[in-house]
Amino acid sequence: MARYFFNVFNGSGLVEDEEGQDLPSLSAARDVAIEGVRSILRDDISYGFIDFAGRVEVLGPDRRALATIAFRDAVEVRGLAGVPG
Amino acid sequence: MIDRLLLKLRARDDVSADEEAILRDSVSATRDVGADVTVVHADVDLVVSTILLDGLMCRYKDLQNGERQITELHVPGDFVDLHSFPLKRLDHNVMSLVPSRIAIVPHDRIQGITETRPHLTRLLWFMTTLDAAVHREWQLSLGRRTSLARIAHMLCELHARLEIVGMTDGNSYRLPLTQVDLAECLGLTPIHVNRTLRELRSRNLVTFRSKTVTIADFAGLRQVAEFTPDYLFIEKRPR
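First to last, the sequence lines map onto chains V and R. Position 15 of the first sequence, counting from 1, maps to 240 under the working numbering, and the rest follow consecutively. Position 230 of the second sequence, counting from 1, maps to 241 under the working numbering, and the rest follow consecutively.
Here chain V stands alone, though its shape is the one from the complex (with noise of 0.2 Å):
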């Protein structure tokens, strides 16, 4: 187990992760992190939009960044090509 911290970056700035989680690995640590993307992503369709400009950045017990999630990566979009603008 290592502890992972979870920065989350977009339109409102930097959210930091203070508190960090204990997890058994990097695979683990992005496995939450895209399910943070997801729950967020799930407030935004609620409120009508989905803000796709953001990120969130997944730190080791050091604090040295690991992985990038980007929030355009935590879901597969369908359907838009076919979609008349």
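Mixed in with the good hints, there may be bad ones.
[To be verified] Computed beta-carbon distance windows for the label pairs:
(1) R:Ala32 x V:Asp247: 40 to 48 Å
(2) V:Gly236 x R:Ala143: 36 to 44 Å
(3) V:Asp247 x R:Ala171: 26 to 34 Å
(4) V:Ile275 x R:Ala171: 54 to 62 Å
(5) V:Arg289 x R:Gln150: 40 to 48 Å
(6) R:Arg220 x V:Ile270: 25 to 33 Å
(7) V:Ile270 x R:His52: 34 to 42 Å
[Said to hold, decoys possible] Reference listing, derived: stretches of chain V covered by chain R, where coverage requires no fewer than 3 residues with Cβ under 8 Å from a Cβ of chain R:
(8) 244 to 258
(9) 261 to 271
[As the list claims (entries may be wrong)] Computed list of chain V residues with no C-beta within reach of chain R, every gap over 12 Å:
(10) Gly285
(11) Pro286
(12) Asp287
(13) Arg289
(14) Ala290
(15) Leu291
(16) Ala295
(17) Glu301
(18) Val302
(19) Ala306
Please keep in mind that the hints were generated in silico from the structure rather than gathered at the bench. From the three backbone atoms N, C-alpha and C, an ideal C-beta is built for every residue, glycine too.
Here the structure of chain V is known, so what remains is to put chain R in place on it, guided by the hints.
Chain R in isolation, oriented as in the chain V frame:
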């Protein structure tokens, strides 16, 4: 030892000296438990109920994929599983979220109360119906409130419940929960909880730092949450 339970009851009705003595005598033992210990397991026959004396506990249910929903938080003074007396087993688990101190009340002593003390029996009954009211409010939150309102509501509720048992300091109280615990209460993810807490802070409504909640704007927070304490029945009347 059960002073917080008495504070909780006396905020709702009189408890006579006799009744207080019976409640005190109903405790057969006390026990210290560490953090994250499942104290009561679902689907196990039970012969005792548990009062939380110190710490913080929760009722929870898990899905097979590991997703957990905390269905109620318990603060000191709460009987965490009084409903196990009539149910005989639980449909959910009860866990300590932080190191906690508990009191054990054997079911046969509760049985004795129900057979000889009608008013005290009604007070015990009141507490299980109060838990049901809290569950209904959480259902409303989980099903309908926005994430912002959901967190705001939980922070208002905990202030109200902790105030009754003398565990608030003005607009502030200790809340030794992690983001993961909060997420499991709120049906959100820890990352989302963190962002939403930031939103509440930037609106100057409430801060949650160093395990301490400080409500900066009570009226504003209640408005965001649509919180009224009606469902907590904090009114002293004959029951």
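V:Val302 remote from chain R - nearest C-beta pair above 12 Å: holds (20 Å)
No chain R beta carbon within 12 Å of V:Asp287's: Check passes; 20 Å lies beyond 12 Å.
Distance restraint evaluation - V:Ile275, R:Ala171, Cβ atoms, bounds 54 to 62 Å: violated (36 Å)
Supplied distance hint 40 to 48 Å, evaluated on CB atoms of V:Arg289 and R:Gln150: Holds: the Cβ-Cβ distance is about 42 Å, inside 40 to 48 Å.
Beyond 12 Å from every chain R Cβ - status for V:Glu301: holds (19 Å)
C-beta pair R:Ala32, V:Asp247: status relative to the range 40 to 48 Å that was hinted: holds (46 Å)
Cβ separation of V:Ile270 and R:His52, checked against the hinted range 34 to 42 Å: Once the Cβ atoms are compared, 38 Å apart, the range 34 to 42 Å for R:His52 and V:Ile270 holds.
Least C-beta distance between V:Pro286 and chain R, which was stated to exceed 12 Å: Nearest chain R Cβ is 16 Å from V:Pro286, so the label holds.
Within 8 Å of chain R (C-beta), three or more residues of the segment 261 to 271 of chain V: holds (count 7)
Satisfaction of the hinted span 25 to 33 Å by the C-beta atoms belonging to R:Arg220 and V:Ile270: The hint (25 to 33 Å, Cβ to Cβ) holds, given that R:Arg220 and V:Ile270 are roughly 30 Å apart.
Check of the segment 244 to 258 of chain V against chain R for coverage (Cβ-Cβ below 8 Å, three residues minimum): Our answer is that it holds, as 4 residues pass the Cβ test (under 8 Å) against chain R, meeting three.
Status of the stated non-contact between V:Arg289 and chain R (beta carbon gap over 12 Å): holds (19 Å)
Checked against the numbered hints above, the structure breaks only hint 4 and satisfies the rest.
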